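Please model the complete structure; the sequences and the hints are all you need to start from.
For the record, the sequence lines run as chains X and G. Position 20 of the first sequence, counting from 1, maps to 22 under our numbering, and the rest follow consecutively. Position 93 of the second sequence, counting from 1, maps to 95 under our numbering, and the rest follow consecutively.
Calculated from the structure, these hints are not laboratory results. Keep in mind that this is a model prediction, so the values were computed, not measured. A hint or two may mislead.
Note: identical chains are not told apart, hence a pair may lie in one copy or across any two.
[Stated by the list, open to error] Under the rule of at most 25 Å between Cα atoms (straight-line distance), these lysine to aspartate or glutamate pairs were calculated in the DMTMM-like manner: (1) 56 / 108; (2) 56 / 99; (3) 110 / 91; (4) 110 / 53.
Residues per chain are reported as follows:
There are 2 protein chains.
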Amino acid sequence: MKIGELAKRSGLSAHTIRYYERIGLLPYADRDAGGRRDYDESILVWIAFLDRLKTTGMPIRDMLRYAELRAAGDHTGPERRRMLEEHREEVRAHLADLQSCLLVLDTKIDTYVEAEQRTHSHDEPRQNDHDDSFGARQART
Amino acid sequence: MKIGELAKRSGLSAHTIRYYERIGLLPYADRDAGGRRDYDESILVWIAFLDRLKTTGMPIRDMLRYAELRAAGDHTGPERRRMLEEHREEVRAHLADLQSCLLVLDTKIDTYVEAEQRTHSHDEPRQNDHDDSFGARQART
DNA sequence: CTAGAGGTTCGAGCGCGCTCTAAGTCAAGC
DNA sequence: GCTTGACTTAGAGCGCGCTCGAACCTCTAG
Chain X
3 MKIGELAKRS GLSAHTIRYY ERIGLLPYAD RDAGGRRDYD ESILVWIAFL DRLKTTGMPI
63 RDMLRYAELR AAGDHTGPER RRMLEEHREE VRAHLADLQS CLLVLDTKID TYVEAEQRTH
123 SHDEPRQNDH DDSFGARQAR T
Chain G
3 MKIGELAKRS GLSAHTIRYY ERIGLLPYAD RDAGGRRDYD ESILVWIAFL DRLKTTGMPI
63 RDMLRYAELR AAGDHTGPER RRMLEEHREE VRAHLADLQS CLLVLDTKID TYVEAEQRTH
123 SHDEPRQNDH DDSFGARQAR T
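This is how it looks when you write it as structure tokens:
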């Protein structure tokens, strides 16, 4: 598989794939006679895993560390495990954070909905601005 | 309240507070006789709200848009509501994403745990590398 | 034989969200 | 009066994660 097809199948751009190889996130790919990268299906699994790490907010430098440990051999398993466990805790914490923010968003939206309902029933609009306001004080954007 | 105290109480740095004012996320603060910013307690509520938006991944340019709408007056309520609703959907989607990644992480960690158990019981270590491997192929980091 | 699609390398550039520096002002305490 | 320290401004710099441009090469179809 050439880089273009890998790009399509992995969702990364060809540019990004080359960049990842450059920094060591992806292995140095075999080249064909013309010097072009030729990939094996198996790379997709590794990219998918990297994607999970990325989605969950792991910085590239940590993914790199993980990749290095992996390349260093089987005996680094325990450290890789530790990395993932630590990361998992961070993800859980972030998840909890997001959930609590969601609740706040919900109530905030409710406030707007109620304000609109009041506006539609009787003709006097009202303010709901006791919380996140700075309204007219900010003139220039 | 001076900027230093606000920094402590809001968790932002004084630098960041000035930066937010500059770009319009925070209102232009009143200055005292000596030209120093003097804040009212109420700013904390707005900062807390911004923090939620930030935590949930809203880019600054969108927060700015929200702030502008707010400054534009009460009639922009519906659009602000729309923004928040849209944002909420993104947050929900991201949350779901994270949760599914967490599951993958869990099973990945399990794999490592099992590998370690095998290593500890009989002396022959084993590989678990059918998935995210590129092991020895990557030499130079 | 030629055109065009898609590949190569190297290195510069970009968008984001801060973060920091420099040079100066001001107010309080010794 | 002098020092200290928190503040002011304008503007440069940074770390991250790409993203793109330039110049060149190679394979394939017509």
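Okay, the hints, checked on the actual structure:
| no. | hint | result |
| --- | --- | --- |
| 1 | 56 / 108 | between (27 Å within a copy, 16 Å between copies) |
| 2 | 56 / 99 | both (18 Å within a copy, 11 Å between copies) |
| 3 | 110 / 91 | between (29 Å within a copy, 14 Å between copies) |
| 4 | 110 / 53 | between (33 Å within a copy, 14 Å between copies) |
Going through the hint list in order, the structure satisfies each hint without exception.
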